[in-house]
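Chains as they are written, first to last, in this note's numbering: chain H, 1 to 324; chain B, 1001 to 1308; chain C, 2001 to 2339.
Hint data in this document are derived by calculation from the structure and do not stem from the laboratory.
Cβ coordinates follow ideal geometry from the N, Cα and C atoms, glycine included.
A few of these clues could be false.
[Claimed, not checked] Between beta-carbon pairs, the in silico distance windows are:
#	chain 1	residue 1	chain 2	residue 2	range
1	B	1027	C	2169	28 to 36 Å
2	H	224	B	1175	31 to 39 Å
3	B	1295	H	239	28 to 36 Å
4	H	15	B	1301	30 to 38 Å
5	B	1258	H	40	25 to 33 Å
6	C	2165	B	1050	36 to 44 Å
7	H	208	B	1301	47 to 55 Å
8	H	128	B	1104	32 to 40 Å
9	B	1210	H	275	45 to 53 Å
10	B	1030	H	220	48 to 56 Å
11	B	1027	H	102	40 to 48 Å
12	B	1050	H	44	43 to 51 Å
13	B	1271	H	220	42 to 50 Å
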Amino acid sequence: MRFVLKRIVAFAVALFVQSIVIFACLRILPGDLAMVIGGTTSTPDQVARIRGQLGLNDPYPLQYLRWLGGVLHGDLGTSQLTGVSVASEIGDRLQITLPLALLSLAVALAIGLPLGVHAVTSRSARVRRTLQVAAIVAGAIPALWGGLLLVMMFGRGVGLIGVLPAQGFPARGWHAFGRALASLALPALSVGVITGAEFMRYTRSALVDVANSDCIAQAMMCGMTRAQAIRRVGLRMVAPQIVSVAGLTFAGMMTGVIVVENLFALPGLATLVMTDLRNRDLLAVQSELLLLTTFFLVMGLVVDVLHHALDPRLKDASEGGGYA
Amino acid sequence: MREGDRKRGGGAPRRKGRVLVVLRSMWHRADGAYALVVIALWLLVSLVSAVWTPHPLIESDGRNAWARPSASYPLGTDGAGHDLLSWLMRGSLTELEVVALVVLCTAACGLLGVWASIGYKSGAGRGSRTWMVCVDTLIAVPTVIVAMVVSVPLGASIAVIVVACAFAYSLSIVRVTRPVAQLAATSQYVEAARSYGVGEARIFFTHIVPAVAPTMAVQLSLSAGTAILAESGLTYLGIGIPAGVPSWGRSLSDCAKLITVYPLTVIWPGVIITAVVVALNLLGDALRDCADPVVNADLRRTMEGGSR
Amino acid sequence: MTVTYTTDGAETTAPKTLGAQAATGAPASETLEASGRSETSGFSAAPLLEVHDIVKEYRSARAVDGVTFELRAGESLAIIGESGSGKTTATRIALGLASPDSGEVFYRGRRVDMHRRGFAGLRRGDSALRALRRESGIVFQDPYASLDPRWRIRRSVAEPLRARGVPWCEAAERADAALSAVGLDADEYGGRFPQDLSGGQAQRAAIARALVIRPRVLLADEPMSAIDVTSRLQILDTLRAIRSGGLTALAPRAEHGQAPQGAGGPDAAVAGPAGQDAPMAMIVVLHDLGIVRQLADRVLVMHEGRVVESGTVDRVLGHPRDPYTLRLIEAATMDPASD
């Protein structure tokens, strides 16, 4: 329990530090939001007036505290460009990016875990080698190309078997559940296969490490075949590590899917950040980045706690926390 | 005793001999052979394309757009009539630049990070612990975000790719090599060297760096592969290689934009990228095994020099 | 006058200079008084290394609690004690590798200041400290740990020279000479890795490394504890040869042509008569009394951070005053060859 509390405190501190870092980094960037709003024909006076209205002339610490205060109250601010609340914009994008990441993770695990196990337990050396080669190749495919290949095969209107939509997301969002899911199918598949290859290699190497351990030998003495021993006992042993990697991969996917989102014309979270960054809508970018950071840190926290819970050895050595 | 016998390390063959043995060992492995062949081809094509391509890169007439593969345009043309083969060839030179820059910057930043992580008092000091905490926090920053933020002042440029990849991989190097670096830094041979008056810099480069070199080599080759993948993604998003400069990512994204018109143009860039990235990933593993005298018996025999 | 020692039941003359034989080819004559001071011509009364009342605390326990001793050129001092007696810490402090919480260390009459920082915080600021580091060598307990496993033997042995800017060719030659002097064929062993050598061979290589810079002070920290029993004899022989001046190729030289550092007095005194090589002093840390006689002139017995007894080997082993020393003597596996 103490371990969990320590981690939560570390998390809060890290989040606070991150907010300062984000704020500071964005202020260093050149460019001026007021000029973007004013347009190319605005005079310096107009620009200055806009700056005053937006509160951009206030000293930095004040701007920071104003923002932070809002965040702590749940108000992520309002986009200074469009006037729309940042929270609602993020919400709109999240309804695409989050399910996409989840789906991709599901695909990756569904491909990676069984194949990784198979790559260790299969009795045929050729199968094992083929799987290894397949994993190396699949992991080297650029996401863009993978997506394009899938579109060429299954994309509606273009592909050989045009069954799945290749562009866009239904306007009604998840209310049109079937169509929404169909829109995410190809993107999730393209990311999932590539990530699945990584999972497969990771699972394989983790299992290879434990395959010669005493626990497996013990299980085999109890009557299991090597394959069964690895599947039952071995997987349980490497489960904590795999959970960690899965969690961190999921967190990375939130921004990592940006290429696929672009390819399939899905308005996602990372694209929002990029657009706002281009427009120097710093308030929006701050809140978005803070949200992303929070998400990462939460995932890290959850993963650590899960890892701790799943691995009895760590429970005894728990006083080291994260940074021994 | 010949002059050549007194080479560094006291072995009979010179450094050139050792390199040849390493290459030969790699050639005997399936993955090493593949990696060597592909990378050699890539280097060759890059060098050739620096002075010659089948067609000039910028054709003034657009009449030949989207031509099918033919004798004079082996891979066809793109939307502006440019020969795809020539663009891919010249693109290989750009990729070489990208990879070279990424590997150099990652190595430099990685070494700096390793040095900071063992710090004063060999890793027990407060400074190095703080640094490791920083590393653990920074490593969570998504590379895409770094690239986006860096592209604001820099625009679409190769520097964006280099900074983003170097950032991610140097942190990864620091984390992954820390146990080995710690072990070396707290070892008794380092303590002995210090007692003989060997300076800290010399200790770092002659004792610590060789200890982390194998792991770093693998990470650097992975970073090289990722650099190419990142290049294709970031160029597609508009913040990578600028428009008008040939690169594999540019070929891929140009073809992607018009996939409905002529789908098959997309095949070649993707195949080439995948093949080269696989080669780079395999290179790291093969290098790590073949360049380590402890693992590679042939190398060890060569280095020990036999009797004189 | 010559002094005879009985070792291995044979009478040998063991002069205290280690280089004199090389220069003159004949044993020099020195006398040693019972208290261990050398006061003959060629040796000054000034000690080479002095340690005054050093104290070092680790986690609220005193690892070293007021230790005082001195070391003169040409003599061999054994420090005995069980694990935890503080002997390793004391010797580290004496050689300037650790700083005491209180107390002082003097090398050649000058105070060694561990805390004076030079440029960029590197501990190079103090000239006495630098001299001490430059003129001392250490042999560690475990040769496999103290030799870089990725370096070949020749390179490890030459490392102290390379650190001093000696070009590789010369450093390699001197390293080979050092290896030969400790009984290792340089051609055969120079290009090998530590793990290819036996414990005894590796430790001898480590000794060669310590001697290659021609130190004035040699510290051997439990040099045989980590070596298998069958190889210990090699180490013992090597150390005995060092003590009796057999390793003439490596004896410390007064640096010709170099201006004396700091006050000219102490240097000239220790350097010995003009033309003669400067004698080396040795500190051997042991936990086994059995070999003390063969390696040392004087003994320091440490227990729980303090010196409980000190004096010449004959006096301490023959007429121990402290009960702890008595216990150690009784527990020791005495070498039947040494009376």
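| message | Quick check on a hinted range of 47 to 55 Å for residue 208 of chain H and residue 1301 of chain B, using CB atoms only. | response | violated (29 Å)
| Can the suggested window of 32 to 40 Å be confirmed for the beta-carbon pair residue 128 of chain H and residue 1104 of chain B? | holds (37 Å)
| query | Quick one: are residue 1271 of chain B and residue 220 of chain H within 42 to 50 Å, going by C-beta? | reply | holds (43 Å)
| Could one say that the CB atoms of residue 1258 of chain B and residue 40 of chain H fall in the range 25 to 33 Å? | holds (31 Å)
| Could one say that the CB atoms of residue 15 of chain H and residue 1301 of chain B fall in the range 30 to 38 Å? | Check failed, 56 Å falls outside 30 to 38 Å.
| Should the hint that residue 1027 of chain B and residue 2169 of chain C are 28 to 36 Å apart at their CB atoms be regarded as holding? | holds (34 Å)
| field | Beta-carbon spacing of residue 1295 of chain B to residue 239 of chain H - inside the hinted bounds 28 to 36 Å or not | value | This hint holds: roughly 31 Å between Cβ atoms.
| query | In this structure, is the beta-carbon distance linking residue 2165 of chain C and residue 1050 of chain B contained in 36 to 44 Å? | reply | Since residue 2165 of chain C and residue 1050 of chain B have Cβ atoms about 43 Å apart, the given range 36 to 44 Å holds.
| request: Return holds or violated for the Cβ distance of residue 1030 of chain B and residue 220 of chain H against the range 48 to 56 Å. | output: violated (31 Å)
| request: Could you tell me whether the CB distance from residue 224 of chain H to residue 1175 of chain B stays inside 31 to 39 Å? | output: holds (36 Å)
| Okay, residue 1050 of chain B versus residue 44 of chain H on CB: inside 43 to 51 Å? | holds (47 Å)
| query | Do the Cβ positions of residue 1027 of chain B and residue 102 of chain H conform to the proposed distance bound of 40 to 48 Å? | reply | Holds, since residue 1027 of chain B and residue 102 of chain H (Cβ atoms, about 45 Å apart) stay within the stated range.
Hints 4, 7, 10 from the earlier list are contradicted by this structure; the remaining hints agree with it.
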